Structure formats: C-alpha cells, structure tokens
Amino acid sequence: DAGITQSPRHKVTETGTPVTLRCHQTENHRYMYWYRQDPGHGLRLIHYSYGVKDTDKGEVSDGYSVSRSKTEDFLLTLESATSSQTSVYFCAIRATSGGPGDTQYFGPGTRLTVL
Amino acid sequence: RKEVEQDPGPFNVPEGATVAFNCTYSNSASQSFFWYRQDCRKEPKLLMSVYSSGNEDGRFTAQLNRASQYISLLIRDSKLSDSATYLCVVPRGGSQGNLIFGKGTKLSVKP
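Chains as they are written, first to last, in the working numbering: chain V, 5 to 119; chain P, 10 to 120.
Okay, chain P solo, but in the shape it has when bound (with noise of 0.2 angstroms):
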C-alpha cells in the first residue's frame, strides 16, 4: 500500500450535490490526520484536521476507519466557491512533525 493515496479525480458535481473522497494510508500508527485545500497556484490551506473517529465543521465531514486506515471527506451542498484540489495529508512518524501529503483530488462544482 502507498503512503498516502488519493482518487485524483476530477470530479465534476452540479452545485447543490454532495460528493465524498477517500483516502487510504499506509502507517497503522498515525494518531492525527488533516484535510488541505489548494486552490489553483495558491498554497495549500488546512481545513480540517482529524484526531479520533471524525469531525465535522459546516457542510465539511470527516471521518476515520482505523481498521481500513481510510479517511474519507465529505462536503454536503457543494458551492462554486468549493471547487480546489482536496489534499489528504498523514504524519510520517517520528519527532519531527514530518507530514505526508497525498497528491490530491480535483472537484470541479459546475453551476
């Protein structure tokens, strides 16, 4: 299994719908897991981090399969404004906070 692996889309959605990405991981160990979001030629911006089962902020859910080592993001409702590549990002181990970061799913939310 790769260390950190992404669908990399695109996914196309009409605003309005709900639409979910996955992410497998590699190190059983890791205890904390984060969604980024990059916009295009912006760097990539936290939105939401994930320390137990899942966490949910708004339209954004996400949630944590220990026993698969999956993460999953789910966005409900999408808007244009959501459109961006959705990074999956896992800490490599070890003391010196060194993330892995996946490379990315496109969505594209179509009017």
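This is chain V alone, in the form it adopts within the complex (with noise of 0.2 angstroms):
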C-alpha cells in the first residue's frame, strides 16, 4: 500500500463545468503523476510532478492543468470539462525501487462522465 488516495472516487459532471479531482500521498514521494486510461488506449500520462510547484505537461495534456502546493497533494484541473474527458484517471507516485529503475504505485482512480 503506497498510501495514495483520490477524490472523488467518481463524479458526473456536464459539459463546460470545471472540475477538480485530487490525489493525496502519505510518504513524501517527490514524483506524482496524473493519467487517464481509456479502453483501446491504455494508460496515458496528463502531466506529472517532480516537487512542490514543479510541474510538467505529459502526452494528451490539452484541457487539463495540474498544481502542486504541498509535498502530499497534486491537483487535475479540467478547466471546461468536455465529453472527451470522460475517463478513469488515476494518480500514481514514484517509488524508488534501489534497482536500476523506478516503478510507480497507483492510486484507486476516480470515475468521471461528462455529460
């Protein structure tokens, strides 16, 4: 158990309403990361985080921005939420393995339909 949690767990919202879910982390990872997994695309990265206010965009971040004002809390914000962002997004942190590679640990996910 890494310790991350998600808020909400799910969310109906309608077109054009902003909306903002939340990961929370116990363990003072430095590294979070924000993904949406759609059936036919797998996992793909929003944005990520490596420290308090640094933030980088990943591959299919247009229409989302992400904050990072505390160790524990990385923020997704879907500014004018449209029917395309309707997904499973989970948040994940990056645990150092002592291996030659670090792998990550998710949190449960958050379900949000846009109507």
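Possibly wrong hints are sitting among the right ones.
Stated by the list, open to error - Computed list of chain V residues with no C-beta within reach of chain P, every gap over 12 angstroms:
(1) K15
(2) T17
(3) G20
(4) T24
(5) Y68
(6) R72
(7) S87
(8) Q89
To be verified - Covered stretches of chain P, going by a simulated chain V footprint (3 or more residues, C-beta under 8 angstroms):
(9) 53-59
(10) 104-116
By construction, these hints were calculated from the structure, which means they are not laboratory data. Quick caveat: nothing in here was measured; it's all calculated off a predicted structure. Each residue gets a CB set at the ideal place from its N, CA and C atoms; glycine is no exception.
Each of the two chains sits in its own frame; use the hints to bring them together as a complex.
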C-alpha cells in the first residue's frame, strides 16, 4: 500500500463545468503523476510533478492543468469539461526501488463522466 | 516499431494451464521493465520488475531479450484468480522516470 488516495472516486458533471480531482499521498514521494485510461488507449500521461510547484506536461495535457502546492497533494483541473474527458483518472507516485529503474504505484482511480 | 506493443488477447485458458504473454518495445536504451496486473475497474498493481535477463516469483517468470527488444511473462499452473489484464511497462527514458504502458493483454482463466 503506497498510501495514495484520490477524491472524489466517482463524479458526474456537465459539459463546460470546471472539475478538480485530488490526489493525496502520505509518504513524501517527490514525483507524482496523473494518467487517464480509456478503452483501446491504455494508460496515458496527462501531467506530472517532480516537486512542489514543479510540474510538466505529458502526452495528453490539452484541456488539463495541475497544481502542487504541498508535497502530499497533486490536483488535476479540467477548466471546462468536455465529453471527450470522460475517463478513469489515476494518480501515481514514483517509488525508488533500489534497482536500475523506479516503478510507480497507483491510487484507486476516479471515474469521471461528462454529460 | 511502436513504443510498447502487446497482444491484446483475450487469452482464454483452463485452470492449471501455462500461458505466456509477449511484449515488444522500441527504446533499446531501456534498462528496466515491469509487468503490472490490473483487475477489472481497479488500479494497476506492480507484478514483477525485470532488470537483467529475467526474474521469477513463484508461478510467474518474466524474461528479457535485449537483442530482440522483447519481454515475456509466463504464468504456470494458472488459477482463477489470475484472470486480469497484464500490462507491459517500459521506461520512456530521461531523468523524470516516466513510464510507457502497453495497452495490456487480457487473461481469462476458466474452471
């Protein structure tokens, strides 16, 4: 258990409304990630953070913004939700493995439906 | 070659069977690889890490062929509880530790 929680776990919203998803971790990991998962596409990186106030874009960042004001919290915001953003959103942390590669551990996910 | 490519399946096997999944990757500089397991409507969970030629953990064996840029996952004596989607994961490269996830291979173990 990597101590990652996501909120809300489920959300239904309407097109055009802003939505913020929260990821919270309890183990002081430096790196945090937001992914979306859709049928036929697998997991795709939206944004990631490598420290407080340090963030960067992933492969599908359009329409999303992020903020990290504290080590433990990484927020994903959809400024104006669209139906194409209906998806399952996973947060992840990077854990140092001691080997040549660091792996990631995931939160339980948020199911977002945009009507 | 795609960054990470897996046979999507589904693989339908009886209990007790041996099943193997394959994965090819394009980044020849990758040093570490991972297999994740994802149950329906759940988050992906790390199953195995592969750093050298292979790794074994009980009924699960992961093998790496760097020359062919190919990773495999072998499951012996399949259990009903092995039913899940198995994701092949490769580092993207660079210092940020970003990973590239395959789309997954679905396994269904039947009684």
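### Query
Any Cβ of chain P at or closer than 12 angstroms to S87 (chain V), or is the non-interface label fine?
holds (21 angstroms)
### Task
Run the C-beta distances from T17 (chain V) to all of chain P and say if the shortest one exceeds 12 angstroms.
Since the minimum Cβ distance to chain P is about 20 angstroms, T17 (chain V) lies beyond 12 angstroms and the statement holds.
### Status of the stated non-contact between K15 (chain V) and chain P (beta carbon gap over 12 angstroms)
For K15 (chain V), whose nearest Cβ neighbour in chain P is about 15 angstroms away, the distance exceeds 12 angstroms, so it holds.
### Given coverage of the region 53-59 of chain P by chain V, tested with a Cβ cutoff of 8 angstroms and a minimum of 3 residues
With 4 residues in contact (Cβ-Cβ under 8 angstroms with chain V), the coverage given for the region 53-59 of chain P holds.
### Query
Can we trust that Q89 (chain V) is non-interface, i.e. its beta-carbon lies farther than 12 angstroms from all of chain P?
holds (19 angstroms)
### Nearest-CB test (12 angstroms) between chain P and T24 (chain V)
The assertion about T24 (chain V) holds, with a minimum of 20 angstroms to chain P.
### Query
Beyond 12 angstroms from every Cβ of chain P: is that where the Cβ of Y68 (chain V) lies?
Its Cβ never comes within 12 angstroms of chain P, the nearest being 16 angstroms, so this holds.
### Query
For R72 (chain V), is the shortest beta carbon distance to chain P beyond 12 angstroms?
Fine: 14 angstroms to the nearest Cβ keeps R72 (chain V) off the interface.
### Query
Checking the smallest CB distance to chain P, is G20 (chain V) really beyond 12 angstroms?
holds (28 angstroms)
### Message
Using C-beta distances, would you say chain V covers the region 104-116 of chain P, given that this needs three or more residues below 8 angstroms?
### Response
Coverage by chain V holds for the region 104-116 of chain P (8 residues, Cβ < 8 angstroms).
When the structure is compared with the earlier hints, no violation turns up for any of them.
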